[in-house]
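K.L.:
Each chain, letter by letter, is given below.
4 protein chains.
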Amino acid sequence: MTVDENPYADLLGIKVLELEVGMARVSAVAKPEHTNHLGYAHGGFLYSVADCAFELASNSHGVDAVGLTTSMEFHRSSKVGATIVAIARETHLGKTIATYHIEVTSDNKRIASFTGTVYRKN
Amino acid sequence: MTVDENPYADLLGIKVLELEVGMARVSAVAKPEHTNHLGYAHGGFLYSVADCAFELASNSHGVDAVGLTTSMEFHRSSKVGATIVAIARETHLGKTIATYHIEVTSDNKRIASFTGTVYRKN
Amino acid sequence: MTVDENPYADLLGIKVLELEVGMARVSAVAKPEHTNHLGYAHGGFLYSVADCAFELASNSHGVDAVGLTTSMEFHRSSKVGATIVAIARETHLGKTIATYHIEVTSDNKRIASFTGTVYRKN
Amino acid sequence: MTVDENPYADLLGIKVLELEVGMARVSAVAKPEHTNHLGYAHGGFLYSVADCAFELASNSHGVDAVGLTTSMEFHRSSKVGATIVAIARETHLGKTIATYHIEVTSDNKRIASFTGTVYRKN
Chain A
1 MTVDENPYAD LLGIKVLELE VGMARVSAVA KPEHTNHLGY AHGGFLYSVA DCAFELASNS
61 HGVDAVGLTT SMEFHRSSKV GATIVAIARE THLGKTIATY HIEVTSDNKR IASFTGTVYR
121 KN
Chain B
1 MTVDENPYAD LLGIKVLELE VGMARVSAVA KPEHTNHLGY AHGGFLYSVA DCAFELASNS
61 HGVDAVGLTT SMEFHRSSKV GATIVAIARE THLGKTIATY HIEVTSDNKR IASFTGTVYR
121 KN
Chain C
1 MTVDENPYAD LLGIKVLELE VGMARVSAVA KPEHTNHLGY AHGGFLYSVA DCAFELASNS
61 HGVDAVGLTT SMEFHRSSKV GATIVAIARE THLGKTIATY HIEVTSDNKR IASFTGTVYR
121 KN
Chain D
1 MTVDENPYAD LLGIKVLELE VGMARVSAVA KPEHTNHLGY AHGGFLYSVA DCAFELASNS
61 HGVDAVGLTT SMEFHRSSKV GATIVAIARE THLGKTIATY HIEVTSDNKR IASFTGTVYR
121 KN
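Residue numbers (the working numbering), protein chains in the order written: chain A, 1 to 122; chain B, 1 to 122; chain C, 1 to 122; chain D, 1 to 122.
There's no promise every hint is true.
If chains are identical, the list can't say which one is meant, so a pair holds when it fits in one copy or spans any two.
Pairs of lysine-lysine, DSS-like flavour, derived with a Cα cap of 25 angstroms [claimed, not checked]:
# : residue 1 : residue 2
1 : 31        : 15
2 : 121       : 95
3 : 109       : 121
4 : 15        : 95
Keep in mind the hints are simulated off the structure, nothing from the lab.
Remember, it's a predicted structure, so these values are computed and weren't measured experimentally.
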């Protein structure tokens with residue numbers, strides 16, 4: 001995934017650390033422009049980081065995968081300067097439907113959990 | 001919510017259209033930098049718009065509310081130039097927990113649905 | 001939906017009150033055998049009532065619909081003797097994917113919310 | 001958890017296989033009365049099995065834990081006679097909020113995934 005391929009990931013400074021079939025790891029640094037009114041990394045920013053890992057892992061099979069549903073649980077808040085890492089792993093791969101679980105960590109602590117299901121365009 | 005108060009909303013160009021106790025309506029235009037590798041508005045961008053409406057509605061009672069869990073269903077894709085509108089309404093208001101349902105539309109069509117639950121710091 | 005057609009709904013005493021295309025309303029009475037260790041209606045029981053409304057509404061178009069993902073928020077607890085009513089309404093109907101929102105009430109108070117997405121076998 | 005303590009688990013034939021602090025494993029056999037109109041184990045039945053594991057694991061710390069939100073993804077259908085096993089593991093334990101992830105399997109295949117968040121009454 002380069003800047004040209006995913007403009008939104010580029011806007012947020014999301015970098016791909018690792019990409020395999022059914023698995024992806026990305027990271028981004030929480031900057032001042034990614035914060036909410038309380039000064040913490042915004043939920044939408046954390047979701048976007050997790051969503052990019054989900055997108056990469058679910059599209060890693062050479063078949064277009066479109067997000068259908070996601071759920072996210074927020075465990076801890078993150079401050080400006082924190083590096084956010086999201087790892088997506090495949091929970092289930094069916095012919096037309098697949099599900100991924102994404103762990104979001106910072107400083108090796110779990111800060112959020114994300115589950116996403118895609119429709120695969122065969 | 002002004003630029004100074006919510007930097008992340010400002011980064012994405014999210015505008016507050018309406019804000020009442022327990023309800024908020026916001027909008028943003030999908031620009032080229034908000035797209036995914038297929039050229040559609042990124043799921044993380046749509047989530048962020050919905051999340052801002054959720055944040056405003058849940059914090060409208062004068063009590064700090066922190067997002068605990070969210071779920072989102074994606075119904076239709078949106079192209080560059082589309083105006084995305086998110087309306088958050090209160091489903092349940094308890095002393096420490098509250099839930100909001102957010103409709104995300106574009107051109108008066110429902111493009112996504114979002115449900116969020118907060119912890120209220122009394 | 002009769003006893004012969006849906007044994008699980010029958011086991012839990014779930015009755016169909018109303019069924020239209022894209023909409024269903026069902027109810028069940030919380031009995032002692034539907035409670036948890038605290039004496040309240042079990043979350044699995046409340047989910048099952050909502051799930052039956054979801055199942056009926058999503059299968060009301062004459063096309064087999066299979067549940068893919070659901071999310072549920074629990075707002076209030078219910079005691080033995082309470083009548084639980086669940087109303088499912090169609091949020092989005094696509095060719096292969098559809099989403100339903102289910103309100104769960106008791107004594108006209110919202111006690112839970114449920115969102116479900118199905119795969120439609122065309 | 002015995003029959004006297006959790007009537008709903010008893011109604012569905014759910015057995016506790018293992019219970020530790022922050023972890024629980026339960027199982028149940030899908031019987032004819034647990035099926036839907038297609039003859040497969042009902043989604044509400046599978047949810048109830050997962051929910052019991054969630055309930056046990058989240059209440060294993062000696063503090064009352066009440067379910068706030070859950071999400072569930074259904075991967076594969078199960079026939080009558082199948083043994084359904086659900087394992088709940090703690091994803092995050094906070095002072096007032098905790099999250100659990102539950103794997104649901106049958107014949108060592110993942111058939112569903114469940115995530116649940118509780119409010120802990122300290």
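K.L.:
Which numbered hints turn out to be false for this structure?
P.N.:
4
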